[in-house]
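Colleague: Residue numbers (my numbering), protein chains in the order written: chain A, 295 to 555; chain B, 483 to 789.
By construction, these hints were calculated from the structure, which means they are not laboratory data. Don't take each hint at face value.
Facing chain B, according to a computed beta carbon distance under 10 Å, are these residues of chain A, among others [stated by the list, open to error]:
1) A305
2) W309
3) I310
4) E383
5) A395
6) V396
7) N398
8) S441
9) S444
10) R473
11) R506
12) V540
13) D554
Glycine included, every Cβ here is placed at the ideal spot set by N, Cα and C.
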Amino acid sequence: MSKNENVVSTAKSEWIKFRTVNSTIIGIAMLFFLTIGFSLLITLVLRAHWDQSTRIDRLTFDPVSTSLVGVFFAQFAVGVIGVLFISAEYSSGSIRTTLAAVPNRVRLVTGKVIVLFGSMFVVCEVVTFVTFLMGQAVFSGVVPTASLSSGSVLRAVILTGVYLALLTLLGFALGLILRQSAASISVFVVILLIVPLISLSFPESWRNDIERFELGNLWTSMASTTTPAHLFSAWSAFAALAIYVVVFLAAGTMLLQTRDA
Amino acid sequence: MLKIDHLTKRYKDTTALDDLDFEVKPGVVTGFLGPNGSGKTTTMRLILGLDHPTKGRATIDGLSYADLKAPLREVGALLDAKAVHPGRTARNHLRALAASNQIPKARVDEVLEFVGIASVAHKKVGSYSLGMSQRLGIAGALLGDPGVLLFDEPVNGLDPEGIKWIRDFFRSLAKEGRTVFVSSHLMSEMAVSADQIIVIGRGRFITQGSVDDLTATAHGTVFVRVSDPPQLISLVKNQNGTVEEMNDGNLTISGLTSDQIGGIAFNAGITILELTPQRASLEDVFMDLTADSLEFGSSKPETAHHE
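In isolation and in its complexed conformation, chain B is listed as follows (with noise of 0.2 Å):
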């Protein structure tokens, strides 16, 4: 199990991690969410034991990295695909990292023909696609066929068939009780392949739960098209609900259920011609809850007004 233990890690006047500190449990995807700067890959680089840690630690069962007697066959990762030497094919590059964790040669090709570039693995990797060099960082995350697999953004790159089959991969391996830790910044990818999601932002922890989980705590609105708009804005304001009028007098109403707005609508008299909850997306959510931790938001678009 990987454990990060309050974490913290400043360079120079920036924080960029703060105090974070969860778990990612085994035989699950987890998925690790957060806008572009928010912490991911120092994340990462802290549990492999790259960077030092300002405070705190991440465990891997208990022990640190430098600890792990033969890290490879304890913790995979993929940090960066483009982080191999140009000028080395493939397979020695595999070779290469295997030869340092005494992981037998034939285990070599084992994992080029899984990854599916055995066939280009004599090749220099300085010639090779993002999506084959991807796949490469896969082939060497899996060599020492480990129990907890790291993956920094992995479908970057990769062609829809690639991101279908390392979908199937991540699921497979945490189905063989696995740890799998997977980020990205694209929530509509992690609510397709992790089973959790863990969200940070700005270096800290957000939020973490299943798909359904965060779903379930964002307050959706509720679309509402009736008889009378004004009398029910007066209304709902009165009972602290947010209305957006739309041109055509249709509303959008948020803080308040359809129950309560049905209710409201009722003892006044109003007809009700339409009343549709609206569920939050995950994509909602997440904009939601990382709304304040944008390293570089984009303020919402001002109307100009001429005078």
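Looking at chain A on its own, in the form it has when it is part of the complex (with noise of 0.2 Å):
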């Protein structure tokens, strides 16, 4: 084995990192929190007043999406998760320890994208199975259910996982690029749920162009079984997102490279 410094004794250092402090833990309890709290309670709610619904209501009703509802709460915590996997290290001054260890900043950040994407993307998508289940198991008997064994379905469950791990990245990269927690948080708010404000007043024929590259649609696209009206098919959404993560991350580097520490 060399013993020179490499991407993989980066990784391995980076997830000592992740999983030695309580930001993450918390995050990721308040993850499933959310989650399954907020999925249980609306499932159990439809369930509880299917025979009020109306025609239409049957008629446009999705229990994969409606069962993963609680992935609404969830993209904060991910967000969150992956700012403060970065911020923390400018706040408490120890990227300066970080950077001496791990002077070449593309290994560090490949390092860290490593950890943040291997590790989120196995909890986002415990989550997502563990909330569909839960939410197909309050429906039945009552309210349609979906199933794992139909390709759309599973492939629906896996991408919302996905969706969540790369909004970590994409938290991460606000993060690398503003370096302050706050500031970071408040950005991934803002683009999370003010830019569809935003895009609410203008013209529908504009709507109808740009409102499938937000976050929310970009999800909504990726949880769908079929391609949802004025919207990205569901791995289209993904490559937008991919694409959105990549440049983020590119431009967050490269600030790290060009800034003092």
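The two chains are supplied separately, each in an independent frame; assemble them into the complex guided by the hints.
Modeller: Quick look at the structure:
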């Protein structure tokens, strides 16, 4: 084994750092609590009131995305986890220790991204599968259910986990660019919540062209068993989100290389 | 060997380092001395590649920091003891550092034991006193058993016992042939802990030498008590000496040696009652050298005149 630094040793180091702070543990606990909690609440309410639902409600009902509704709240939890993974290094000053140990900025970002995406992918898939299965269990017998044996259902559930994992990276990239927890989380929330509100004021013809690029609608696409009107197909939405993440990460890495730490 | 090669660093309109150029040799403790704000920390940050130099470079055995294959095995640094995630334990902090440079895990416990914080290594760093954080920082610097060690103001926050410990520790590191580069704004601290001293002020190199070299270059004063002070004063002034007259008629003369003053007095028939050369202390030398370069110099208090 070579004794030199490489991306594997960087990732090992980042993995130790990732799992040894409370913010990660609390963030993941919040992720589970919010996703499962809200999904459970809403699916239970839906089941209780199913007999009062209209014909239209029943025709447009999607058991997959409805069971995963708690993911809306999960978005904030994963964003914060991603932001803090880098911004905490700046607020504590430990970024200097980190960069002294790993002077190669590209390698540092690569190592952090491997750890963050790798671990959050597993966590987010677990939380979405648990939430989905719980939702179908709540629906069963009363409300129509979906099954993972259907390819498009399986895709929707998997891509929802991927969506959250990529959102973690987006938070991380914002932290890398802004270097400040509060600012990064604010911008993250603005992108997630405020941008769609602004686009509401646009004429409908524009909105049909623009809205598909919004994060929330990318998730809608990724979590759909069919392609929704005016939105991307599941895989196109995945590609669009991946491009966002790559662009933001590249910008963050470039800034890390040119700025004084 | 550590080489600072015409290093210049400008931040917008302030020049933090101005063509700084010197070498730090292995085997001795080199003190890096300058008033607050003189650029010591900036120099350290540039050595570690944390900041980008405007001009020049810093090299370790000819290589830039970024080109070191396993930097922690070559250079150990303690810049800011508090720059550790407060929510992580000391052991986990060091384990993460060790992993990044493929340093065996066993080394973590070794350095924790060595700096004397093994018993609290499972506690979160946020609960540490400054002294404990300093020790953790030193443990981090030693982790890779590096040949070059940088310490920025390491005695800050240490108790007297810790200061004694760290002085002996620097010496033993140097004795092992390592390059030990220690910054401080306290001349008195450097006088006892460093073999070589590099003095900077306002980002500029001022002087370099051993403690003895530095004091030797300084001009001391001579304390004189004579039978006829006014006559000696005028004679000394003729020889371009400077005289400070004290209330009781005693004189402090600078610019002339005690031999010269004795000669002057003898020729004029003045009786010398006392003639004592006063060697400049290292502190005086430092004040002298950096007087022009204090960032926030305090001017001499002036006597208020009431009319």
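Colleague: So, for every hint listed, does it hold in this structure?
Modeller: Verification of the hints:
Interface hint status for A305 of chain A: upheld, as the beta-carbon distance to the closest one in chain B is roughly 9 Å, under 10 Å. Taken as an interface hint, W309 of chain A checks out: its beta carbon lies about 8 Å from the nearest beta carbon of chain B, inside 10 Å. Taking 10 Å as the C-beta cut-off, the interface hint given for I310 of chain A holds, the closest approach to chain B being about 4 Å. At its closest, the beta carbon of E383 of chain A sits 7 Å from a beta carbon of chain B; the interface hint therefore holds under the 10 Å criterion.
Among the interface hints, the one on A395 of chain A holds; its C-beta lies about 4 Å from the nearest C-beta in chain B, closer than the 10 Å criterion. Hint status for V396 of chain A: holds, given a least beta-carbon distance of 5 Å to chain B, under 10 Å. Interface hint status for N398 of chain A: upheld, as the beta-carbon distance to the closest one in chain B is roughly 7 Å, under 10 Å. Interface hint status for S441 of chain A: violated, as the beta-carbon distance to the closest one in chain B is roughly 43 Å, over 10 Å.
Because the closest C-beta pair between S444 of chain A and chain B is about 43 Å apart, greater than 10 Å, the hint is violated. Against a cut-off of 10 Å between C-beta atoms, the interface hint on R473 of chain A is violated, since the closest Cβ of chain B lies about 14 Å away. The criterion of a C-beta within 10 Å of any C-beta in chain B is not met by R506 of chain A, whose closest approach is roughly 40 Å, and the hint is violated. Taken as an interface hint, V540 of chain A does not check out: its beta carbon lies about 24 Å from the nearest beta carbon of chain B, beyond 10 Å.
With a cut of 10 Å, the hint placing D554 of chain A at the interface with chain B holds, because the nearest CB-to-CB distance is about 4 Å.
The structure shown violates the earlier hints numbered 8, 9, 10, 11, 12.
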